[in-house]
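Whenever a hint applies, use it, and build me the whole structure from the sequences.
Chains as they are written, first to last, in the working numbering: chain G, 1 to 414; chain C, 1 to 569; chain U, 1 to 124.
If you are wondering where the hints come from, they were derived from the structure by calculation, not from laboratory data. Don't take every hint at face value.
As the list claims (entries may be wrong) - Covered by chain C, per the in silico footprint, the following chain G stretches (three or more residues, Cβ under 8 Å):
1. 113-122
2. 145-155
3. 331-345
4. 372-379
What the hints assert, rightly or not - Here are the computed distance ranges between Cβ atoms for each label pair:
5. C:GLU359 - G:ALA334: 40 to 46 Å
6. G:ASP401 - C:LYS198: 53 to 59 Å
7. G:LYS155 - C:THR454: 54 to 60 Å
8. G:VAL95 - C:ARG386: 34 to 40 Å
9. G:GLY318 - U:GLY123: 31 to 37 Å
10. C:LYS383 - G:THR189: 33 to 39 Å
11. C:ILE71 - G:ASP68: 53 to 59 Å
12. C:ASP161 - U:ILE122: 39 to 45 Å
13. U:ILE122 - C:ARG148: 58 to 64 Å
14. G:SER209 - U:ALA24: 38 to 44 Å
15. U:PHE60 - G:ARG323: 47 to 53 Å
16. C:LYS383 - G:ALA334: 25 to 31 Å
17. C:ILE71 - G:THR85: 41 to 47 Å
18. G:SER209 - C:SER139: 56 to 62 Å
For every residue, glycine included, the Cβ atom is placed at its ideal position computed from N, Cα and C.
If you want the building blocks of each chain, they are given just below.
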Amino acid sequence: MRYAAIVIGGGPAGMAAACAVKESEKVLIIEREARLGGILKQCVHDGFGVIRFGEKLSGPEYADRFIDEVYSRKNIDVRTLTFVTDIEKRNGYFVVTTTSGKGIVSYEGENLILANGCRERTARQVNIHGTRPAGLMTAGTAQNLVNLMGIMPAKRCVILGSGDIGLIMARRLTLEGAEVVGVYEAKATPSGLQRNLQQCLYDFGIPVSLKKTVTLVHGRDRVEGVTVSDVDDDMRPISGTEEYIPCDALIVSVGLIPENELAENLGVPIDPRTKGPVVDQYMMTAVDGVYSVGNALHVHDLVDYVSEVAETAGKDVGRRKSRASIEVTQKGFAYLVPQRIDAANVEKETTFYFRASHDTERAKLTVTINGKTAVTKKYSMLKPPEAVRVKLALPVKAGDDVKFVLEDDDDGNV
Amino acid sequence: MVDIKKIKRKLVKAGYPLIEASLKNGSVVLSGELEDYEGILECGTIAVCKESRGVVNDIRLKGYAPEKMRICPVEDKAYDGESPDVLVIGGGIVGAAIARELTKYALTVTVLEKEYDIATGQSARNDGMIHAGIDLKPSSIKVKYNARGNAMYPRISKELDVPIEMCGQCVLYTKRWQKLLFPFIKARGAKNNIPVEKLGPEEVKKYVPEPGIKYGGFMCPSAGILSPYQMTVAFMENAVNNGAVLHTDTAVTGIDNDGEKITAVRTNRGTFYPKAVVNAAGIYSDVIAEWAGDRHFTIHPRRGVEAVLDKKAKKATSAVIGKFVIKSSTGKGHTKGGGVIVTVDGNILLGPSAKETPERENEATVPEEFEEMIAKQFKLAPKLKRSDIITYFAGTRAATYEEEFVVEKSPVVRNFVQAAGIQSPGVTAAPAIAEDVGKWVAEIVFGSDVKYNTNFDPIRKRIPKPSEMLPEERKKLIAEDPDYGVVICRCEEVTKGEIKEALRRPASVPAVDAVKRRVRAGMGRCQGGFCSPLVMKIISEECGIPLDKVRKKGAGSEIAFRYTKGGDR
Amino acid sequence: MTETFEMICIVCPRGCRLKAERTADGIAVTGNKCPRGAKFAEEEIVAPKRSFTGTVRSVFPEMPVVPVRTAGEVPKDKVKEVALLTRDVLLTRAYGVGEVAVDNVCGTGVDLIVTADMRKVIGS
Chain G
1 MRYAAIVIGG
11 GPAGMAAACA
21 VKESEKVLII
31 EREARLGGIL
41 KQCVHDGFGV
51 IRFGEKLSGP
61 EYADRFIDEV
71 YSRKNIDVRT
81 LTFVTDIEKR
91 NGYFVVTTTS
101 GKGIVSYEGE
111 NLILANGCRE
121 RTARQVNIHG
131 TRPAGLMTAG
141 TAQNLVNLMG
151 IMPAKRCVIL
161 GSGDIGLIMA
171 RRLTLEGAEV
181 VGVYEAKATP
191 SGLQRNLQQC
201 LYDFGIPVSL
211 KKTVTLVHGR
221 DRVEGVTVSD
231 VDDDMRPISG
241 TEEYIPCDAL
251 IVSVGLIPEN
261 ELAENLGVPI
271 DPRTKGPVVD
281 QYMMTAVDGV
291 YSVGNALHVH
301 DLVDYVSEVA
311 ETAGKDVGRR
321 KSRASIEVTQ
331 KGFAYLVPQR
341 IDAANVEKET
351 TFYFRASHDT
361 ERAKLTVTIN
371 GKTAVTKKYS
381 MLKPPEAVRV
391 KLALPVKAGD
401 DVKFVLEDDD
411 DGNV
Chain C
1 MVDIKKIKRK
11 LVKAGYPLIE
21 ASLKNGSVVL
31 SGELEDYEGI
41 LECGTIAVCK
51 ESRGVVNDIR
61 LKGYAPEKMR
71 ICPVEDKAYD
81 GESPDVLVIG
91 GGIVGAAIAR
101 ELTKYALTVT
111 VLEKEYDIAT
121 GQSARNDGMI
131 HAGIDLKPSS
141 IKVKYNARGN
151 AMYPRISKEL
161 DVPIEMCGQC
171 VLYTKRWQKL
181 LFPFIKARGA
191 KNNIPVEKLG
201 PEEVKKYVPE
211 PGIKYGGFMC
221 PSAGILSPYQ
231 MTVAFMENAV
241 NNGAVLHTDT
251 AVTGIDNDGE
261 KITAVRTNRG
271 TFYPKAVVNA
281 AGIYSDVIAE
291 WAGDRHFTIH
301 PRRGVEAVLD
311 KKAKKATSAV
321 IGKFVIKSST
331 GKGHTKGGGV
341 IVTVDGNILL
351 GPSAKETPER
361 ENEATVPEEF
371 EEMIAKQFKL
381 APKLKRSDII
391 TYFAGTRAAT
401 YEEEFVVEKS
411 PVVRNFVQAA
421 GIQSPGVTAA
431 PAIAEDVGKW
441 VAEIVFGSDV
451 KYNTNFDPIR
461 KRIPKPSEML
471 PEERKKLIAE
481 DPDYGVVICR
491 CEEVTKGEIK
501 EALRRPASVP
511 AVDAVKRRVR
521 AGMGRCQGGF
531 CSPLVMKIIS
541 EECGIPLDKV
551 RKKGAGSEIA
561 FRYTKGGDR
Chain U
1 MTETFEMICI
11 VCPRGCRLKA
21 ERTADGIAVT
31 GNKCPRGAKF
41 AEEEIVAPKR
51 SFTGTVRSVF
61 PEMPVVPVRT
71 AGEVPKDKVK
81 EVALLTRDVL
91 LTRAYGVGEV
101 AVDNVCGTGV
111 DLIVTADMRK
121 VIGS
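Structure, rendered in structure tokens:
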């Protein structure tokens, strides 16, 4: 049997994509862990689903709705504790080889939806030196230990990085009885959402220090302390500003990296800005039949949009007969997704996600088609940590030259 | 005869009039106090002379209290009174190779390792090269053992089922004039029986298609690579299977000597009464020698940092690196140029650097040393990217002032054998050193009537590695044990079956880092972010350790403090 | 007399920066992009509320801790009290999503509910 689509990854993106595929088509979800749900399983905090369901759900609750949907659908097969070891592109279909306790099994699919998420950058990957003792871990690992395994990795900890998971863990560890000495951020502005700063740090009186980073970890068996330093505008530590902070854990939340090793092996071109594949508005990569969704595509702020984007891909499976993709030229963004438009299948509105490259009070988005302005939009208070989702009516035709420009808007009115 | 007066004159001339030099136990002993460490090193180097057994540099560094040997906090009498024929101090690659060699004789062998696991010091913190030996001084002890060890590894690799790759070492000249040195290099090679191939700038491209430096170089085809910690584990597993006993977390704290021989070895776990003692204590080998009663050398630690790059880097730069080891030509002093190495596991390894330090056990990386090292290595392979670096680590090598190994049957203490001061090329030399040490120990214990272990089995099988198997083979393994189908470490594709097997092996240790060294779980690009909780769970289940007591490494490295909800479970 | 408050709205992920002025006539809010922001600011000044999220223990080794949250918001100063209480909760059967683990938690009138389907993890 050949599946219409094989979805790799049973987290929120993979489940939403699978559920969006027409019920007449067979879909397979391959999940390496024991259960569906992905990283949501350990996100016991709330705030999920506000946009999609109008409710503040916890991660497991949000996942559960999709899990129920997946298992209720007759066209979806699920393989858990199953790991993809190889993908081969044949003539018009893919062969996905997996390993599990049942053996080595290959599956055939006409399309592939890559939904394998992202990984966390580690302390060493942001130039932290010193020792490598117990107590040095990423926020996601700490979250797993506390929320899934029920063990406490810290009594008195320092958090490096003001990304959302770091902030969430600051609150979580505090409520479990640990002392969070402080959150340090090398950038001049916090990376996490404003509301997480409020409800995770300010509510508990946890200080945030900006333009400061951890440079050294001390302690051989267990973290005994860290050295923090001020950093200059290029985020390089300034010597003479070192301060030693005794603590028993350093939890780092310093960025997420989309996991695209499988995509790269398939020859999928990667956008260096998102570190995910280049896709069209249906999330199909430049390799026919290969879609990329969720945090493997780009790191989303909100799971609600992960689901939405993934559904776009799922709905597209087996739909388009012909394609005419054009590259979008972009300027002034941290990134813009999609990076291509299939001009042969443009709908009334196309959804784009972008991040500004810097904090801007007022900004202007201009889209030109063949040099002529098609859309302008004005924004106030753009911040790189907060992705913008925008629906644009772009009557693009094959061969058009489409340019997206985001610039500071000096002449005022919003 | 050692001319102490001459050494004294040299010290005065170099600006160290207050440093005392004397002759003791055939070696030059320096004493006094200096304000800078460089000065102490310089005095040590000045005191080197062919006629002495070595330099004992006891010059104190003003205001510096030497670190105390790191000892596991456990103190009991667990092993008190044990009296093996031979006690090997140190569970690095040298100690492990010696332990295996000793089990070929009809001897009871016990290995003491002060850390929680074997292969945690230099043996885990080096680049794993099987050296050709071209950079070694002809007729040195190092070059002798290196050549023998190099020749032994293909057989050992088969016996112990540890992969090696004799990929050759490509040395690039960093300066145009260095090509003038080739006749000397060639001659040196000829003297040491090391084949060398001259490479012009164009010929280099045969091995390194896009070299970072374009002055040509030379090729030593007899060099290779291996995983030094895997090899150490293999030696020890085989030793234990052949009857050796390994005590980890057991540190020597003193040695009793009756004037001609060692009578007892004291540790934090009790006192041992061996017939013979082997010093393979690495960075602390001079301290052990002192306690044993025959110290004639000094370890001055030399720290090196190495960076590990993503396996993807090899792919992206396969045209640059090839399957070859690139080394920049020998630089000044004892800082070898380091290099760019594709490891047996497919990562690229950069380094090491070389920095003299009074601290024997400080394995923290230092930003300046790291930056200098990678700047240098990136020049060799300019296509590598900083973002490919997934981790870095430092280690200290056990250098002596003579820059020589101390491999000898002590002429002073009757039942004491030393394999000390082993640094590069220690991995290569280890099996050859072990052979000689084995003979000497047998002489000590048996006299002329040497007895062999007729049951010695040289064969050890590696932990099955599904990710490297053919599909049919893999299927068969999973059918026998489904855990070999369940992937735990996604980056390195390590299965639950491998982790469980690593915990069941002889000489195994229930700690996350010990598992990592044995099966690579957590060695990939996410550095254990995803798999470490799963590995903890497997350790807990397999070894019956409560989850909140599972350790990353030794005592005091429990990953959790307690369960959540304020306490017990 | 006018009192001024600045705060970040936590109702939705947008995180509006709110300014509120309290006078004898009432509370005036600016910076909010929707009416929920104004309501949040008023509450935040008069009686701030938060939801609690965390875990409680279960007797099942497959799921030693189970995620829970308050079904609605509780007074902010009760959050730590709720957190302390969760230490003593032990689930002895497999709960479904939304089932009440503790009713009227700490006298807030709000229930503490389970947010994962335990039956999917440990079987029923």
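> Is it true that the C-beta distance of C:ASP161 to U:ILE122 lies inside 39 to 45 Å, as the hint says?
Replying inline: At roughly 41 Å between Cβ atoms, U:ILE122 and C:ASP161 fall inside 39 to 45 Å, so the hint holds.
> Honestly, do C:LYS383 and G:THR189 meet the 33 to 39 Å range at C-beta?
Replying inline: 34 Å, holds
> Does the Cβ pair C:LYS383, G:ALA334 satisfy 25 to 31 Å?
Replying inline: Hint holds: Cβ distance 26 Å, inside 25 to 31 Å.
> Given a hinted range of 31 to 37 Å, is it respected by the beta-carbon distance of G:GLY318 and U:GLY123?
Replying inline: 36 Å, holds
> Between U:PHE60 and G:ARG323, does the beta-carbon spacing fit 47 to 53 Å?
Replying inline: This hint holds: roughly 50 Å between Cβ atoms.
>> Taking 8 Å as the Cβ threshold, is the statement that the stretch 145-155 of chain G is covered by chain C upheld or broken by the three-residue rule?
In response: holds (count 10)
>> Given the hint of 53 to 59 Å, is the C-beta distance from G:ASP401 to C:LYS198 inside that range or not?
In response: Since G:ASP401 and C:LYS198 have Cβ atoms about 55 Å apart, the given range 53 to 59 Å holds.
> At a Cβ distance under 8 Å, does chain C reach at least three residues of the stretch 372-379 of chain G?
Replying inline: violated (count 0)
> Does the Cβ distance between U:ILE122 and C:ARG148 fall inside 58 to 64 Å?
Replying inline: 59 Å, holds
> Is the distance from the Cβ of C:GLU359 to the Cβ of G:ALA334 consistent with 40 to 46 Å?
Replying inline: The hinted range 40 to 46 Å holds for C:GLU359 and G:ALA334, with Cβ atoms some 43 Å apart.
> Is the distance from the Cβ of G:LYS155 to the Cβ of C:THR454 consistent with 54 to 60 Å?
Replying inline: Roughly 56 Å apart at Cβ, these two residues keep to the hinted range, so it holds.
> Do the Cβ positions of C:ILE71 and G:THR85 conform to the proposed distance bound of 41 to 47 Å?
Replying inline: Holds - the Cβ-Cβ distance for C:ILE71 and G:THR85, about 44 Å, lies within 41 to 47 Å.
Of the numbered hints stated above, those contradicted by the structure are hints 3 and 4, listed in ascending order.
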